[in-house]
Structure formats: C-alpha cells, structure tokens
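Sequence positions in the sequence shown follow this note's numbering and run 583 to 829.
Everything labelled a hint here was simulated from the structure, so no lab data went into it.
It should be emphasised that the depicted structure is a prediction, and the values quoted were computed from it without experimental measurement.
Worth double-checking, as some hints may not be accurate.
Claimed, not checked - Below, in silico cross-link-like pairs of lysine-lysine (DSSO-like), each with a Cα-Cα straight-line distance of 27 Å or less:
no., residue 1, residue 2
1, Lys656, Lys751
2, Lys723, Lys787
3, Lys743, Lys787
4, Lys691, Lys743
5, Lys751, Lys723
6, Lys585, Lys656
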Amino acid sequence: MDKTLHGKTALVTAAGAGIGRASAMALAARGAQVIATDIDGDAVADVAQGSDRITAQRLDVLDAEAVRALVAEKGPFQILVNCAGWVHDGTILDCTDEVWDRSFALNAKATFRLTQAVLPGMLDHGAGSIITIASVVSSLKGAPRRFAYGASKAAIIGMTKSIAADFVKDGIRCNAICPGTVQSPSLEDRLRATGDFDKALAAFKDRQPMGRLGQPEEIAEMVCYLASDLAAFTTGQAFAIDGGWST
Numbered sequence: 583m584d585k586t587l588h589g590k591t592a593l594v595t596a597a598g599a600g601i602g603r604a605s606a607m608a609l610a611a612r613g614a615q616v617i618a619t620d621i622d623g624d625a626v627a628d629v630a631q632g633s634d635r636i637t638a639q640r641l642d643v644l645d646a647e648a649v650r651a652l653v654a655e656k657g658p659f660q661i662l663v664n665c666a667g668w669v670h671d672g673t674i675l676d677c678t679d680e681v682w683d684r685s686f687a688l689n690a691k692a693t694f695r696l697t698q699a700v701l702p703g704m705l706d707h708g709a710g711s712i713i714t715i716a717s718v719v720s721s722l723k724g725a726p727r728r729f730a731y732g733a734s735k736a737a738i739i740g741m742t743k744s745i746a747a748d749f750v751k752d753g754i755r756c757n758a759i760c761p762g763t764v765q766s767p768s769l770e771d772r773l774r775a776t777g778d779f780d781k782a783l784a785a786f787k788d789r790q791p792m793g794r795l796g797q798p799e800e801i802a803e804m805v806c807y808l809a810s811d812l813a814a815f816t817t818g819q820a821f822a823i824d825g826g827w828s829t
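With these hints in hand, go ahead and build the complete structure from the sequences.
Pasting the structure below:
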C-alpha cells in the first residue's frame, strides 16, 4: 500500500461527489485517515463504505457551530481540503444580492471558516497543508456567465496567498487548485438544466483545448501531491489544471 500520507489525518468538504469524493478516496489510498464531509449524508456515507480509512460525517459548511464542533471532535488535522462550492449561471446583470451572498458564502466564506477552525491545530503540530479548490475561472480567467462564481473563486486565491504568507514560517503550507471544467454530478445537473444536454456538453468540451472534460481523479492527484511532504517547498501557489484552457 502507498504510505505517502501515512500518519496524517485529512478533512475534506463536499466529499459526497466530484472532486471532493475523488480526493477523499485518493488521500485514503495513500495512507491518510480521512474525515469525509458533505451536506448530503447519504452520499458521503457511500464514499466511506468498505473503507477503514474514511469516516463519513454530514456537515453543512454554512453552519459555523457545526464546523467548530466537528473540528473539536475529530481534529487536529494535518490536511484540509476545501471543496465546497456553488456555480451561478449569469452575468452581473443577472446577479441579485441573494446570488452574490450565496456564491461568497459557499465558495469563499466556507473556505475561510474551515481554515480558521483547523489552523490552530496545525500550528500546535508545527505543520499542515491547506488545499483550496478555486477555479481557473477566477483571477486567472474570465468566462461567460460566471460573474459571481468567478469573483468568489478569485477571493479564494487571494485568501490562499494571504494564509501562505502569514504562516510560512510556522510549517503551514496553503495552495489553491484551479480546475477547468471537470466531469461531476453538479455539472451534469447544470447541463440538463439548459434543456439540451448534448448541445451544452459539446459546448463545454469545445472550449477546452484538449477537447474533453477533466476527470475528478486528475484533480485528486494534485490534492495528494500538495498534501504530501513531496510538496514541502510549495506554498502560496494557484495551480491551473484545465486542459490548456487558460494557456
């Protein structure tokens, strides 16, 4: 068995599907003990089924008390993977106060809240890797009809760099992963919502220079690298994994 992450405990949000699910499974495969969380308790329980390295826990990342309680009960953690997020389809003219607030609550505030809760335990341990799932649609690249999403994901990159700078001398590393379009149940839901799934899927593939969507497991490999001591000299970076979209 791969023991790259043996002896480390990881907390992963939005682990019920997509990148979060793939990341939880990949971290466990490399020897980490993983607390896999999701607002969908049944989905995250399925991730943990049959694994003695994954513990499922329902968690609403918008519930500050629940976040603090989970970290107090299950921590400390040496790895934090912030995956929770939400995509709004629209320009600035489509963005209401409610859309803006929800985008920043799920995409940025949840990252802030989880990191703030987990960081003291990492500081006590003298080491830790915080991995934030941002997006290539952020400060790296604009995309049509992704106004609130892009703004909130840009905020994650800003937080990542700030955390890295503040705690670089304390053994804490913080890096962002910026995926392009990745196959996931939430993406499939958005494609169906267009009314023409095949046409929408073809359009998403066409904007990727490689002509295909990314797979969650491809993002999870970077998660595992950044979580490991192999990345001990890497902090404050935003890594685009987007099939060349931002090139």
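Verification of the hints:
For the hint pairing lysine 656 with lysine 751, the CA-to-CA distance comes to about 26 Å; that is within 27 Å, so the pair holds. Between lysine 723 and lysine 787, the direct Cα distance comes to roughly 17 Å. Compliance with the 27 Å bound is thereby established for this hinted pair. At most 27 Å may separate the alpha-carbon atoms for a hinted pair to count; lysine 743 and lysine 787 exceed this at roughly 30 Å. With a C-alpha separation of about 16 Å, the suggested pairing of lysine 691 with lysine 743 holds against the 27 Å cut-off.
The suggested pairing of lysine 751 with lysine 723 is violated, with an alpha-carbon distance near 31 Å, which exceeds 27 Å. With a C-alpha separation of about 21 Å, the suggested pairing of lysine 585 with lysine 656 holds against the 27 Å cut-off.
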